[in-house]
Amino acid sequence: MGDRLMNNNMYDVIIVGGGPAGLAAAVGAVDGGAKRVLIAERDISLGGILEQCIHPGFGLKHFGEELTGPEYARRFIAQVKEKGVEFKLGTMVLEIGDHCITGVNSTDGLFTAYGKSIVLAMGCRERTRGAIMTPGTRPAGVYTAGAAQRLINRQNTMVGKKVVILGSGDIGMIMARRMTLEGAKVLAVVEIMDYTAGLTRNRVQCLEDFGIPLMLSHTVVQIKGNRRVEGVVVAAVDPATKKPIAGTEQTFECDTLLLSCGLIPENELSRECGVALSRITSGPEVNQFMQTNKEYVFACGNVVHVNDLVDNVTEESLRTGRAAAQYAAGTLPKCDKEIPTVPQGNVRYICPQRLVPNADARLFFRAASPAKNVTLNVYAGENKIYTKKLIRINPGEMESVDVKAEAMAGVDSVRVEVI
Amino acid sequence: MLKTDVVIIGAGAVGSALAREFSKYRLDVTVVEKNEDVGGDSSKSNSAIIHTGYDAAPGTLESQLVVAANPMYDKIVSDLDVPFARIGAILPAFNDEQYEQLPALKHKAMKNRVYDVEYKTGEQLLEMEPQLNPEVRGGLYIPRESIIDPFLFCIGMAENAADNGVHFLLGTKVTGIDVENGAVCAVKTDKGQTIQAKYVINAAGLYCDEVASYVGKNDYYVNPRKGQFYILDKKTSCRVGMIVLPIPTKITKGKLICPTIHGNMLVGPTAEDLQDKTDKSTNTEGLESIANDIRKMVPNVNLRDTITQYSGLRAQRNPEGLNIDMYDDLAGYVNISGVRSTGLTGSVAIAKYVVDMLLESGMKAEFKTDFNPIRHGTPHFVELSDEEKKELIARDPRYGNIVCRCETITEGQICDAIHRTLGARSVDGVKRRLRAGMGRCQGGFCGPKVIEILARELGISVAEVCKNDPGSEMTVGNLR
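Keeping their order, the protein sequence lines are chains A and B. Position 406 of the first sequence, counting from 1, maps to 406 under our numbering, and the rest follow consecutively. Position 178 of the second sequence, counting from 1, maps to 178 under our numbering, and the rest follow consecutively.
Some clues are possibly wrong.
To be verified - Distance windows between CB atoms, simulated:
1. B:Glu452 / A:Phe63: 32 to 38 Å
2. A:Gln250 / B:Gln275: 21 to 27 Å
3. A:Gly247 / B:Asn218: 39 to 45 Å
4. B:Asn478 / A:Asp360: 49 to 55 Å
5. B:Gly477 / A:Leu216: 31 to 37 Å
6. B:Leu384 / A:Gln250: 18 to 24 Å
7. A:Arg74 / B:Thr278: 46 to 52 Å
8. B:Asn302 / A:Glu397: 26 to 32 Å
9. A:Ser217 / B:Ala85: 45 to 51 Å
10. B:Asn478 / A:Ile44: 18 to 24 Å
Unchecked claim - Stretch-level coverage of chain A by chain B, calculated; a stretch enters the list once three of its residues show a Cβ under 8 Å from a Cβ in chain B:
11. 132-141
12. 158-172
13. 192-202
14. 293-302
Said to hold, decoys possible - With the C-beta cut set under 8 Å, the calculated list includes, among others, these residues of chain B facing chain A:
15. Lys390
16. Ile402
17. Ser472
Just so you know, these hints were derived from the structure itself, not from any lab. All values reported here derive from a predicted model rather than from experimental measurement. Beta carbons are placed, not taken as given, at the ideal position from N, Cα and C, and that holds for glycine.
Whenever a hint applies, use it, and build me the whole structure from the sequences.
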């Protein structure tokens with residue numbers, strides 16, 4: 001009896017999170033040979049954030065066609081079901097232990113499930129008003145863009161009528177268009193940097209096409225209104241210090257302020273179970289198999305570093321699932337001495353942070369600031385193994401480069417440089 | 001026409017404590033509160049400290065009541081199921097000037113009969129609080145300074161009072177007090193009610209001067225003093241375990257850092273005199289001044305880990321000081337004014353003092369034999385043992401549905417908070433009772449779900465769900 005119960009809770013791979021990363025990891029795990037795979041998802045449906053992203057623009061890279069978020073998710077949900085992946089919905093993982101998770105939901109109650117490998121795919125959360133310290137009152141009507149998106153697209157609930165958006169992240173720009181389409185007036189998208197944080201195509205399709213003013217090098221310096229937002233004060237900032245410039249304040253009367261000021265990988269579970277996190281990405285430090293410092297714990301998608309394209313998440317997560325299955329089977333390549341990846345010049349970070357030198361790797365990286373006519377150089381040790389001219393590079397758009405195992409033989413690091 | 005024995009104006013800490021104290025007697029008691037929820041204005045936005053009164057001005061009513069109140073808390077919080085901890089406070093001196101003030105501060109504590117205040121050396125203080133500025137010379141240790149959940153404290157007292165028969169008229173503002181033959185006889189409200197009453201207690205805090213003016217007893221005015229605060233993430237790198245207080249200057253008691261009862265760090269407050277009683281905004285200058293001052297005591301404090309900032313108004317009065325007044329020419333009226341930063345602590349003693357004063361002056365009230373002092377709070381799901389968790393979910397599966405992921409709050413808890421006595425009616429009501437939305441995502445994930453649950457459980461449309469009071473509607477309603 002005890003054994004049978006145990007067996008019932010035993011998996012090759014357990015995946016925490018059933019969004020785009022978790023779904024692709026599950027597909028990858030089955031393709032990689034895992035027999036029993038479990039997804040624990042906290043929402044009432046699979047698909048994660050894609051379920052509320054009803055706009056098109058997904059899948060151009062992975063499927064070669066343009067899909068909406070829910071359509072993109074459907075393709076993976078269908079595969080996951082077809083491949084016999086088990087999943088628990090409405091399930092919160094409270095703790096990750098030694099090769100196990102403790103979860104809770106309304107049907108199983110509190111339960112433990114054991115996995116030979118565990119994949120972290122919890123995604124990210126939005127930076128809040130408190131985190132960016134916007135002064136003023138604390139009325140209703142201040143929402144993060146994603147929360148507003150959920151209310152509108154999944155809960156059929158409109159958040160406001162006259163809107164200012166702080167931050168030009170992708171969700172913010174998409175919500176500027178979405179609010180406009182639902183009859184709200186978007187007065188401005190205000191961005192503290194001198195460039196947009198999100199994709200260029202979103203700036204064009206969501207703001208320019210709808211005539212929504214974009215105010216670069218500006219920020220919200222005060223929120224007004226005691227009960228509901230009555231207005232926000234916007235001021236220009238000094239591009240160097242990012243401090244508001246006195247005398248440039250202008251008040252926008254509005255009932256809603258949406259925030260799209262960055263995403264933060266959600267790693268409370270990771271941290272508590274002893275996974276080492278990067279100070280730059282706020283996500284786990286991984287090697288090219290997306291393996292963390294705890295060798296049975298893998299991570300993929302926005303929990304590792306915030307992506308701009310779901311297609312990249314899918315590609316990374318398929319690999320992660322496969323690696324997790326290989327680890328469960330004891331066939332994952334191993335190496336006693338991993339080597340670091342080192343960002344140089346205008347490179348803010350590289351993911352993965354570590355490489356197993358005897359296996360090929362794809363490196364994702366982001367620029368620290370926008371630049372034109374630059375050179376990308378990749379060095380293995382002192383050898384320049386790749387170089388390319390780039391017409392422009394933008395922090396809002398992730399870049400990638402492949403490195404072959406042969407190139408890494410005997411070197412002590414791989415460096416990526418943009419100058 | 002409504003008829004009651006006692007009207008209490010205001011359901012902040014003092015009003016709620018009064019309600020509970022009066023509910024020990026066979027009296028008909030009605031609390032009239034302008035906000036939609038109990039818990040007041042100042043009572044919910046403060047440093048959440050239960051003081052010892054060591055630094056009060058000796059000999060004053062404020063000193064007497066605060067010093068008396070502190071020992072009462074162990075029993076109250078256990079009866080009312082309110083999170084509370086006696087973590088103690090230190091008062092470190094970092095230079096000669098500060099160091100030289102210590103004897104006077106200790107002497108003041110003795111005069112206030114706070115006899116357990118002790119000297120500590122710099123080394124001892126650093127051992128107690130390793131994050132202190134290592135230049136610390138020495139200081140005082142005040143062991144009974146404590147922290148509390150200020151929301152649940154007020155809500156707990158009000159709930160328990162209601163369970164013992166007190167009526168609460170929420171979202172109702174007192175607009176006048178009728179006087180007849182030198183005695184109060186009724187209270188008028190903005191809902192058109194006239195409530196006949198023998199006794200009227202003005203516990204209106206910030207607005208007590210306006211209420212006093214209804215009976216011509218406005219020989220003072222309230223001069224709101226704003227305090228701004230930061231709340232830091234539970235995971236912030238630099239933590240203190242006790243309340244770290246600055247040595248006061250002539251101008252201000254200064255800014256402190258301490259843990260909250262739920263494990264966040266609290267940093268603040270400023271002290272800014274205002275005219276506007278509704279100005280609870282934060283501003284960059286205030287927040288920056290906190291950062292500068294706190295770094296002198298705790299250099300590594302990481303204010304980038306802030307999850308929210310807020311401000312509250314102390315109901316300071318001019319002339320200064322806590323005053324509890326009865327008037328020879330106005331029988332049945334009690335005026336409480338000058339309930340400032342010590343008000344949260346003092347509330348329970350103020351309530352006993354007022355009831356005793358009325359009994360002394362001839363109020364007829366029989367002590368109840370069936371007063372139930374116990375309040376059972378909503379189960380804290382995350383703090384239960386595995387067995388208790390399983391049992392709770394088996395009994396009510398909604399406890400298996402985690403709605404607020406940052407603070408691990410379940411749907412079962414939210415439904416309980418809505419349906420219990422004086423239950424939550426708004427997003428803030430849920431937040432203050434349970435902490436759903438008080439974590440690091442600040443309601444980004446649970447907010448939309450809480451709106452849905454409130455609408456469903458209260459049988460209202462989503463458009464009617466408010467953040468707190470009417471006018472603070474969260475959304476404009478369904479799209480189609």
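Right, here's what the structure says about each hint:
1. B:Glu452 / A:Phe63: 32 to 38 Å: 33 Å, holds
2. A:Gln250 / B:Gln275: 21 to 27 Å: 26 Å, holds
3. A:Gly247 / B:Asn218: 39 to 45 Å: 41 Å, holds
4. B:Asn478 / A:Asp360: 49 to 55 Å: 52 Å, holds
5. B:Gly477 / A:Leu216: 31 to 37 Å: 34 Å, holds
6. B:Leu384 / A:Gln250: 18 to 24 Å: Given about 52 Å between the Cβ atoms, the range is violated.
7. A:Arg74 / B:Thr278: 46 to 52 Å: 50 Å, holds
8. B:Asn302 / A:Glu397: 26 to 32 Å: Distance hint for B:Asn302, A:Glu397 holds at roughly 31 Å.
9. A:Ser217 / B:Ala85: 45 to 51 Å: Since the Cβ atoms of A:Ser217 and B:Ala85 sit about 46 Å apart, the hinted range of 45 to 51 Å holds.
10. B:Asn478 / A:Ile44: 18 to 24 Å: Since the Cβ atoms of B:Asn478 and A:Ile44 sit about 19 Å apart, the hinted range of 18 to 24 Å holds.
11. 132-141: holds (count 8)
12. 158-172: Coverage by chain B holds here, the residue count being 4 at a Cβ distance below 8 Å.
13. 192-202: Our answer is that it is violated, as 0 residues pass the Cβ test (under 8 Å) against chain B, missing three.
14. 293-302: As far as the region 293-302 of chain A goes, the hint is violated, because 0 residues have Cβ atoms under 8 Å from chain B.
15. Lys390: 5 Å, holds
16. Ile402: 4 Å, holds
17. Ser472: 4 Å, holds
Going down the numbered hints, you'll see the structure goes against 6, 13 and 14, while the others check out.
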